Amino acid sequence: MHHKTLVELGAGLRQGEYSSEELTRACLDRAAVLDPQLNSIITLTGEQALQAARDADARIRSGEAGPLTGIPYAHKDIFCTKGVRTSCGSRMLDNFIAPYDATVTRQLNAAGAVMIGKTNMDEFAMGSSNETSFYGPVSNPWDSETVPGGSSGGSAAAVAARLVPVSTGTDTGGSIRQPAALCGITGLKPTYGRVSRYGMIAFASSLDQAGPFARTAEDAALMLGAMAGFDPRDSTSVERTVEDYTGGLGDSLEGLKIGLPNEFFGEGLDSTVAAAVEAALDEYRKLGAIITEISLPNSQLAVPTYYVVAPAECSSNLSRFDGVRFGYRATDPADLEDLYKRSRGEGFGAEVKRRIMIGTYALSAGYYDAYYLKAQQARRLIREDFIRAFEQVDVIMGPTSPSVAFRLGEKSNNPVTMYLSDIYTIAVNLAGLPGMSIPAGFATDMPVGLQLIGNYFEEARLLNAAHRYQQVTDWHERIPPGYE
Amino acid sequence: MALEAEEVEKIAHLARLGIDHDDIPEYARNLSDILAFVEHLNGVDTRGVEPLAHPLDAVQRLRPDEVTETDEREHFLHNATLTEAGLYLVPKVIE
Numbered sequence: 001m002h003h004k005t006l007v008e009l010g011a012g013l014r015q016g017e018y019s020s021e022e023l024t025r026a027c028l029d030r031a032a033v034l035d036p037q038l039n040s041i042i043t044l045t046g047e048q049a050l051q052a053a054r055d056a057d058a059r060i061r062s063g064e065a066g067p068l069t070g071i072p073y074a075h076k077d078i079f080c081t082k083g084v085r086t087s088c089g090s091r092m093l094d095n096f097i098a099p100y101d102a103t104v105t106r107q108l109n110a111a112g113a114v115m116i117g118k119t120n121m122d123e124f125a126m127g128s129s130n131e132t133s134f135y136g137p138v139s140n141p142w143d144s145e146t147v148p149g150g151s152s153g154g155s156a157a158a159v160a161a162r163l164v165p166v167s168t169g170t171d172t173g174g175s176i177r178q179p180a181a182l183c184g185i186t187g188l189k190p191t192y193g194r195v196s197r198y199g200m201i202a203f204a205s206s207l208d209q210a211g212p213f214a215r216t217a218e219d220a221a222l223m224l225g226a227m228a229g230f231d232p233r234d235s236t237s238v239e240r241t242v243e244d245y246t247g248g249l250g251d252s253l254e255g256l257k258i259g260l261p262n263e264f265f266g267e268g269l270d271s272t273v274a275a276a277v278e279a280a281l282d283e284y285r286k287l288g289a290i291i292t293e294i295s296l297p298n299s300q301l302a303v304p305t306y307y308v309v310a311p312a313e314c315s316s317n318l319s320r321f322d323g324v325r326f327g328y329r330a331t332d333p334a335d336l337e338d339l340y341k342r343s344r345g346e347g348f349g350a351e352v353k354r355r356i357m358i359g360t361y362a363l364s365a366g367y368y369d370a371y372y373l374k375a376q377q378a379r380r381l382i383r384e385d386f387i388r389a390f391e392q393v394d395v396i397m398g399p400t401s402p403s404v405a406f407r408l409g410e411k412s413n414n415p416v417t418m419y420l421s422d423i424y425t426i427a428v429n430l431a432g433l434p435g436m437s438i439p440a441g442f443a444t445d446m447p448v449g450l451q452l453i454g455n456y457f458e459e460a461r462l463l464n465a466a467h468r469y470q471q472v473t474d475w476h477e478r479i480p481p482g483y484e
Numbered sequence: 485m486a487l488e489a490e491e492v493e494k495i496a497h498l499a500r501l502g503i504d505h506d507d508i509p510e511y512a513r514n515l516s517d518i519l520a521f522v523e524h525l526n527g528v529d530t531r532g533v534e535p536l537a538h539p540l541d542a543v544q545r546l547r548p549d550e551v552t553e554t555d556e557r558e559h560f561l562h563n564a565t566l567t568e569a570g571l572y573l574v575p576k577v578i579e
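Same order as they appear, the protein sequences are chains A and B.
Just so we're aligned: the first sequence equals residues 1 to 484 in our numbering.
Just so we're aligned: the second sequence equals residues 485 to 579 in our numbering.
So here's chain B without its partners, still in its complex pose:
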């Protein structure tokens, strides 16, 4: 399936990825090539085949709902560019 420029822009928006307008034709070409390649799967008969999500068919292990981590708030905040009063800062969302 060949992707048009508008579709590339829509996918980039869904993924919250800023891409330069000038690069869109190349992304459209590359992504179309990749999709054409994966569409080889269309010819495979998979009727009745159970989808495989985990190679060992393992299921989610459960643990008791207990606090196991120590408070590392200050430590983790250190990796953010903008913080204030122990909080992460983002541009104003509500006027």
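Excised from the complex, chain A in its bound form:
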């Protein structure tokens, strides 16, 4: 059963070939056997999952099932789940039992999806390799010596290893697309404001956005349909109806205008990755797309801009962790200041501390204009590049990541080198646009991701472009050795 997609499993459930309880049990059993080597899951929620599966079975029997009813999924441990530990990959929240559900959690529950566990992630979503997690690194199913990417590394590895058909992630600078690329699966970051951030532990509030991981674009479309929507409890949620993301799947790509930013194909891109991306673009030509070169001249500003904006927002958001109301509390404090400093010093890992300090510095008196204001101005230049590009083309394509999965420990001692692994994804968050990564071949036996970037709220167009490619290729069906 673990080879089947969400669409296939949904059909099997509704036709009574198996129950959700059987399916959920199979996922839990597979996770119990395979996850000790992957470390993709922080908390397995077996009992709750089986109860949710039985509820889903009742719903299926009564003919009230939707496409996600009874489907097991893994949930990034950044989303609050009532009554279940929500750690955000941090010692700080190792003891935190969420008192309420995130809107995404609530909507997936309402759709009848069955959460089997909470997935491993970089601490507070700060990382590109899953190595900053308090719970240890995650292995890439394609090569256990390499990273799965991050920050949603556990969610990507769990889908690639066929523990679950779908999972959730969040993407602040590439944290869905980059792990999807490195693990050989499909991932989608929606337009900023499309999916509610309520109950999703905040890292950088003007950049964070939740989205799905799946093995196919069709499955991702169904997940997005359940996750998206206006939420009055998120002040940045956009009041706009959710489209039917599956309705246009299969539409012709004849005449689709694809733009290739020449800045995405220059120095720094691994030549074997470039070759796989070029081959994928040839498939799009065969599908009738018209490919033209474009320019995003301010691309080189994206990573430096991000590493001012994101740490500034992070230093503000993470000030809530004071050791008093929730989370880790240092023992025997000398006074209140000592309680704050030691709770935060002992509760946060090194990368989180680095980012809090960069943000604190950038926002401090005398430096605000030089760093934060300057970065916000550069951010507008980056967005304007995209606005101009979308006057000429329908979709922008290029590599998701400059290389295939790198080795565990290879970049963990050099923050700036690690930051550059998100060089092609970060600008999309700064502009607030939707982006996807889909499997597009292999380089040195490791998966390569093709990135698709769309105009605001054009998730459906991206999903169709991904779906049409998946109809004529089988990269997304490849299974990591050892996980057959």
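What the hints contain is simulated information worked out from the structure, not anything from laboratory work.
All figures in this text were calculated on a predicted structure; none of them were measured in a lab.
It cannot be assumed that every hint is accurate.
[Unchecked claim] Restricting the straight-line Cα-Cα distance to at most 20 angstroms, the calculated cross-link-like pairs of lysine to aspartate or glutamate (EDC-like) are: (1) A:Lys-82 <-> A:Asp-94; (2) A:Lys-411 <-> B:Glu-510; (3) B:Lys-494 <-> A:Asp-322.
[Unchecked claim] Derived contacts from chain B toward chain A, CB cut-off under 8 angstroms, selection only: (4) Ser-516; (5) Phe-521; (6) Val-522; (7) His-559; (8) Asn-563; (9) Pro-575.
Ideal placement from N, C-alpha and C gives every residue a C-beta, glycine not left out.
Fit chain B to the known structure of chain A by using the hints.
Just chain B now, kept in the frame of chain A:
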């Protein structure tokens, strides 16, 4: 800009972050590297460019000032390590 040890200590204090004295040189090095990297922005001409705070230029949505949440005091207190009589406990602040 290269940060000295004292500056790292000052930033850590502003952020109320306890860091081990032995780790300060490494933080100074890493933070200096990151700042040197972001200073690439200094060469960009941004005269007259409006700062962008929200990718869709949205403004804060307002709602009526009405109570919408239920009382979850006991529930929320459950996540604190030290509480008493419905209150969070901290070390003595006023002698």
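In ascending order, which of the hints set out earlier in this document are inconsistent with the structure? 4
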